[in-house]
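Top to bottom, those sequences are chains L and Y. The opening position of the first sequence corresponds to residue 1 in my numbering, with each subsequent residue numbered one higher. The opening position of the second sequence corresponds to residue 434 in my numbering, with each subsequent residue numbered one higher.
Everything labelled a hint here was simulated from the structure, so no lab data went into it. Because the structure is a prediction, the values reported are computed rather than measured. A portion of the hints provided could be inaccurate.
[Said to hold, decoys possible] With a straight-line cut-off of 25 Å between C-alpha atoms, the simulated SDA-like cross-links for lysine to any residue are: (1) Y:Lys-481 x Y:Leu-495; (2) Y:Lys-656 x L:Tyr-421; (3) Y:Lys-656 x Y:Arg-667; (4) Y:Lys-656 x Y:Ser-511; (5) L:Lys-223 x Y:Ser-511; (6) L:Lys-223 x Y:Gly-645; (7) L:Lys-223 x Y:Leu-674; (8) Y:Lys-656 x L:Val-203; (9) L:Lys-223 x Y:Glu-736; (10) L:Lys-223 x Y:Gly-565; (11) Y:Lys-656 x Y:Leu-674; (12) L:Lys-223 x Y:Ile-515; (13) Y:Lys-656 x L:Leu-407; (14) L:Lys-223 x Y:Leu-518; (15) Y:Lys-656 x Y:Leu-495; (16) L:Lys-223 x L:Asp-123; (17) L:Lys-223 x Y:Thr-760; (18) L:Lys-223 x L:Thr-208; (19) L:Lys-223 x Y:Asp-644; (20) Y:Lys-656 x L:Arg-234; (21) Y:Lys-656 x L:Asp-211; (22) Y:Lys-656 x L:Glu-303; (23) Y:Lys-656 x Y:Ala-493; (24) L:Lys-223 x Y:Arg-667; (25) L:Lys-223 x L:Ala-251; (26) Y:Lys-481 x Y:Ala-493.
[Stated by the list, open to error] Derived Cβ-Cβ restraints for the label pairs, each shown as a range: (27) Y:Ala-752 x L:Gly-212: 47 to 55 Å; (28) Y:Ala-717 x L:Gly-186: 23 to 31 Å; (29) Y:Ala-467 x L:Glu-303: 49 to 57 Å; (30) L:Gly-204 x Y:Arg-548: 40 to 48 Å; (31) L:Gly-392 x Y:Ala-716: 50 to 58 Å; (32) L:Ala-231 x Y:Thr-751: 46 to 54 Å; (33) L:Gly-212 x Y:Asp-773: 22 to 30 Å.
[Claimed, not checked] Covered, in the sense of this in silico footprint (three residues per stretch, anywhere, with C-beta under 8 Å from a C-beta of chain Y), are these stretches of chain L: (34) 56–66; (35) 374–383.
The beta carbon of each residue, even a glycine, is placed where N, CA and C say it ideally should be.
2 protein chains.
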Amino acid sequence: MTAQPIETATDIAPQDIASVMADMGRRARASADALRLAGPEVRTAALKAVAEAVRRRADAILAANHSDILRARTNGVSEALIDRLALTPGRIEAVASAVDEIAALPDPLGVETARWTRPNGLDMARVRTPLGVLAIIYESRPNVTADAAALCIRSGNVAILRCGSDCLDSSLAVHEAVVEGLTAAGLPADCVQLVSTPDRAAVGALLTGLDGNVDLLIPRGGKSLVARVQAEARVPVLGHLEGLCHTYLHASADLDMAQAIVVNAKMRRVSVCGATETLLVDAAAAERLLPPVAAALIAAGCELRGDDRARALVPQMTAAVEADWTTEYLAPILAVAVVDDLDAAVEHIRSHGSGHTEAIIADDAEAAAAFLNAVDSAIVVWNASTQFADGGEFGFGGEIGISTSRLHARGPVGAEQLTSYKYVVRGTGQTRP
Amino acid sequence: MTAQPIETATDIAPQDIASVMADMGRRARASADALRLAGPEVRTAALKAVAEAVRRRADAILAANHSDILRARTNGVSEALIDRLALTPGRIEAVASAVDEIAALPDPLGVETARWTRPNGLDMARVRTPLGVLAIIYESRPNVTADAAALCIRSGNVAILRCGSDCLDSSLAVHEAVVEGLTAAGLPADCVQLVSTPDRAAVGALLTGLDGNVDLLIPRGGKSLVARVQAEARVPVLGHLEGLCHTYLHASADLDMAQAIVVNAKMRRVSVCGATETLLVDAAAAERLLPPVAAALIAAGCELRGDDRARALVPQMTAAVEADWTTEYLAPILAVAVVDDLDAAVEHIRSHGSGHTEAIIADDAEAAAAFLNAVDSAIVVWNASTQFADGGEFGFGGEIGISTSRLHARGPVGAEQLTSYKYVVRGTGQTRP
């Protein structure tokens with residue numbers, strides 16, 4: 001690989017970024033009604049056309065991706081990040097298929113989620129509407145450009161996308177396919193805009209809300225990105241900070257099930273937010289459960305860091321320090337604690353967890369019910385892997401992320417969760433006494 | 434009335450306010466689980482006990498209210514504001530009855546709002562949960578102390594209340610009744626705390642979120658309070674800025690209905706956020722509709738400010754200036770414009786409205802449907818008064834306000850709208866492929 005001059009995809013003078021961004025905001029707002037008032041068929045047609053255009057433009061997207069990869073290597077980006085960035089014909093087909101799947105989802109807009117009649121005869125309905133203009137800030141996964149655009153189109157929300165600078169060329173190429181799809185369906189190209197400069201000042205402008213033209217910010221990426229957006233945004237933010245997920249083995253847990261689930265919850269993919277980071281084992285069954293579960297984890301390549309009681313049963317464990325209970329490893333490392341009982345497990349989760357996903361493995365249905373009720377996380381699971389924390393696995397057909405906030409949407413955020421509602425009141429001349 | 438020394442209800446040195454507020458936040462968070470995990474019966478018992486305690490303590494509340502009124506007069510508060518502040522035995526009974534009504538509402542927590550099974554056998558449920566700790570900042574209506582406390586108890590949310598300084602003594606007396614009710618039901622007194630200092634630094638502390646111990650801020654009061662909270666808060670805010678509501682008379686409107694609804698929508702109570710502030714009249718029917726509707730409004734004591742086409746039909750109107758189309762009068766004044774057609778009415782609302790409540794008066798069902806679809810406000814109304822924009826009228830049993838935001842809750846915010854949800858996933862050993 002020869003070194004190449006470091007180029008950005010477009011050249012915008014820094015002093016012009018604020019005005020370019022303000023203009024994007026105005027154009028987003030101006031196109032919102034067209035997308036909101038288009039019928040479900042139009043949004044579906046646009047999504048199908050986007051998928052088609054991605055397939056048709058596969059060569060151009062691969063060429064742009066090649067340019068991103070060259071630049072990333074020149075900039076000394078790690079091979080792990082380059083792997084995340086790299087597209088192949090197979091990955092491009094996966095991007096197109098994901099858009100097709102979102103096209104096949106029921107359109108959430110206009111759906112009545114409640115309807116009732118008041119004693120005075122007023123007929124009340126609650127009907128889903130879009131949120132408005134979403135700004136989505138993400139890192140170097142070019143597939144997010146298509147995913148996020150598709151979820152926004154499906155939910156009738158106008159999108160301003162801001163990708164990581166490492167995948168800007170790829171994202172611009174994917175964005176061309178998105179615009180082609182929108183245009184083919186008769187929708188304004190401005191319904192999905194992509195920030196075409198890698199300058200970080202563009203993010204700063206988005207965080208201000210572009211003069212009221214951004215209704216919601218969605219950071220999708222690592223902890224530092226989400227934390228910056230949550231700290232600095234002057235408009236509402238939908239994001240999750242981290243997934244510090246727990247699996248608790250109750251005294252009534254079946255050993256085979258515990259083994260299979262814990263290995264899957266930790267090791268299936270260690271880098272996802274639904275991966276279990278801490279294993280809690282009931283003291284009453286630790287001797288029966290922990291040695292074989294630990295053996296299976298170690299055999300699968302997992303490093304274990306335990307408290308004193310855990311290490312007494314599994315000497316191969318290193319000693320956990322306080323930070324281990326609050327670290328989202330995203331790596332083949334698991335913290336292990338023996339807890340006195342279910343209440344102690346709930347208390348450990350309350351004081352150390354991030355409110356993302358927690359599981360109990362138990363044969364005892366009453367204990368499971370107590371755990372599911374007491375643990376206040378976005379997702380609570382009985383006898384299954386925490387790695388099911390995923391919009392696709394919930395049947396939402398893709399997600400923009402998992403929200404650990406309790407406001408607006410909690411848990412997997414799919415097209416339906418990207419909507420608001422309005423009340424439609426139908427009368428026959430009623431006046432209020 | 435003799436002048437009295439101006440006293441505050443409690444004395445907290447300013448330098449201590451930050452630590453007092455931080456402590457309130459910690460105590461709120463510490464009591465959240467007790468309220469969340471209490472059964473519906475416990476929350477209902479607490480509410481009934483609060484209502485009883487308000488009735489039993491009526492004399493003490495009246496005495497405290499008398500002290501507020503004396504202080505307000507000394508401070509030169511207007512008689513209109515003093516009227517808003519003043520309690521009578523009848524108003525105290527109304528406060529208690531409102532709490533009883535909220536006690537009779539179905540408990541929203543634990544309700545499954547969706548349940549489905551995935552192809553892999555996972556049983557998924559979406560279950561309502563509380564939001565957490567709410568800080569409610571309001572002005573000088575002592576009844577809000579009981580209303581807000583009751584809605585929070587019903588929805589399982591811990592509350593930190595901050596009333597206007599003018600009603601602090603009354604609010605402290607009402608708060609004692611709230612604490613008595615909570616305690617009688619075995620709930621922690623800290624589930625509803627009232628800031629006992631009138632110092633504005635307390636509001637500043639709430640806006641910071643008290644070290645993560647406030648999940649949501651709800652400003653309930655005038656435009657300047659809500660604007661300050663929205664501008665300065667470092668935690669999410671649920672509030673509405675104003676209700677700039679429109680009523681549109683379509684060409685197909687029935688005259689009698691138009692007359693009755695417009696007079697009600699403007700004049701029933703001019704100070705509520707659902708009052709119509711602008712009347713739009715279709716040009717095709719302005720000659721038939723506007724003169725008699727205007728006559729009825731004038732007879733009811735309403736001042737009319739019209740555009741040229743409206744004034745040509747009703748010479749008694751004064752000339753509207755640009756600001757009239759964006760002013761929430763909260764007074765017996767109505768702006769009147771003649772518009773070319775339904776699209777022009779929708780466009781006027783889009784560019785001047787506040788997204789609160791808009792009505793169309795029309796016999797033509799197709800025109801009404803087009804209006805209800807195209808207008809993107811929290812509440813859209815066909816053939817009824819905009820003054821129905823109220824949680825009680827929607828059947829929500831009281832409200833904390835009307836949200837014009839599209840995030841989380843939109844429209845009337847009752848107990849159900851003060852909840853979040855979590856997903857409960859029940860498996861039989863599933864691992865994710």
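Right, here's what the structure says about each hint:
At roughly 21 Å between alpha-carbon atoms, Y:Lys-481 and Y:Leu-495 fall within 25 Å of each other, so this suggested pair holds. The straight-line distance between the Cα atoms of Y:Lys-656 and L:Tyr-421 is roughly 24 Å, inside the 25 Å bound, and the hint therefore holds. For the given pair, Y:Lys-656 sits about 19 Å from Y:Arg-667 by alpha-carbon distance, which is consistent with the 25 Å threshold. Under the criterion of a C-alpha separation no larger than 25 Å, the hint pairing Y:Lys-656 with Y:Ser-511 is consistent with the structure, at around 18 Å.
Distance restraint check for L:Lys-223 and Y:Ser-511: the Cα-Cα separation of roughly 52 Å exceeds the 25 Å cut-off, and the hinted pair is therefore not satisfied. For the proposed pair L:Lys-223 and Y:Gly-645, the alpha carbon gap of about 18 Å is at most 25 Å, so the pair holds. Restraint check for L:Lys-223 and Y:Leu-674: not satisfied, since their Cα atoms lie roughly 33 Å apart, outside the 25 Å limit. Taking the CA atoms of Y:Lys-656 and L:Val-203, the gap is about 30 Å. The hint is violated against a cut of 25 Å.
For the given pair, L:Lys-223 sits about 57 Å from Y:Glu-736 by alpha-carbon distance, which is inconsistent with the 25 Å threshold. For the given pair, L:Lys-223 sits about 23 Å from Y:Gly-565 by alpha-carbon distance, which is consistent with the 25 Å threshold. Of the supplied pair hints, the one linking Y:Lys-656 and Y:Leu-674 holds, its CA atoms being roughly 6 Å apart against a limit of 25 Å. Distance check on the hinted pair: L:Lys-223 and Y:Ile-515 sit about 51 Å apart at the alpha-carbon level, beyond 25 Å; violated.
Proposed proximity of Y:Lys-656 and L:Leu-407 is supported: the alpha carbons are some 23 Å apart, at most 25 Å. The suggested pairing of L:Lys-223 with Y:Leu-518 is violated, with an alpha-carbon distance near 48 Å, which exceeds 25 Å. Distance hint between Y:Lys-656 and Y:Leu-495 is unfulfilled; the C-alpha atoms sit about 29 Å from each other, more than 25 Å. Between the alpha carbons of L:Lys-223 and L:Asp-123 the distance comes to roughly 46 Å, so the proposed pair goes past 25 Å and is violated.
Simply put, L:Lys-223 and Y:Thr-760 have alpha-carbon atoms about 43 Å apart, too far for the 25 Å limit, and the pair is violated. Of the pairs offered as hints, the one joining L:Lys-223 and L:Thr-208 holds, with about 20 Å between alpha carbons and a cut-off of 25 Å not exceeded. Distance hint between L:Lys-223 and Y:Asp-644 is fulfilled; the C-alpha atoms sit about 19 Å from each other, no more than 25 Å. Note on Y:Lys-656 and L:Arg-234: the hinted pairing holds, with a Cα-Cα distance of about 19 Å set against a maximum of 25 Å.
For the hint linking Y:Lys-656 to L:Asp-211, the alpha-carbon distance of about 19 Å falls within 25 Å, and the restraint holds. For a cut-off of 25 Å, the pair hint linking Y:Lys-656 to L:Glu-303 is broken: about 57 Å separates their Cα positions. Restraint check: the Cα-Cα separation between Y:Lys-656 and Y:Ala-493 comes to about 32 Å, which exceeds 25 Å; the hinted pair is violated. Proximity of L:Lys-223 to Y:Arg-667 is assessed by CA-CA distance (about 19 Å); at most 25 Å being required, the pair is judged to hold.
For the suggested pair L:Lys-223 and L:Ala-251, the alpha carbons sit about 35 Å apart, so the restraint of at most 25 Å is broken. This hinted pair checks out: Y:Lys-481 and Y:Ala-493 have alpha carbons roughly 19 Å apart, not beyond 25 Å. Remark: the range hint 47 to 55 Å for Y:Ala-752 to L:Gly-212 is contradicted by a beta-carbon distance near 30 Å. Y:Ala-717 and L:Gly-186 have their C-beta atoms about 30 Å apart, which keeps the hinted 23 to 31 Å range intact.
Look at Y:Ala-467 against L:Glu-303: about 39 Å separates their beta carbons, and that is not inside 49 to 57 Å. At roughly 43 Å, the beta carbons of L:Gly-204 and Y:Arg-548 sit within the given window of 40 to 48 Å. Taking 50 to 58 Å as the suggested C-beta distance range, the pair L:Gly-392 and Y:Ala-716 conforms, at roughly 52 Å. One distance hint, 46 to 54 Å for the beta-carbon pair L:Ala-231 and Y:Thr-751, holds here, with the actual separation near 50 Å.
Taken as a hint, the range 22 to 30 Å holds for the pair L:Gly-212 and Y:Asp-773, whose Cβ atoms sit roughly 28 Å apart. Remark: the stretch 56–66 of chain L is not confirmed as covered by chain Y, as 0 of its residues place a Cβ nearer than 8 Å to a Cβ of that chain, below the required three. Restraint check on the stretch 374–383 of chain L versus chain Y: 9 residues with Cβ-Cβ distances below 8 Å, three needed, restraint holds.
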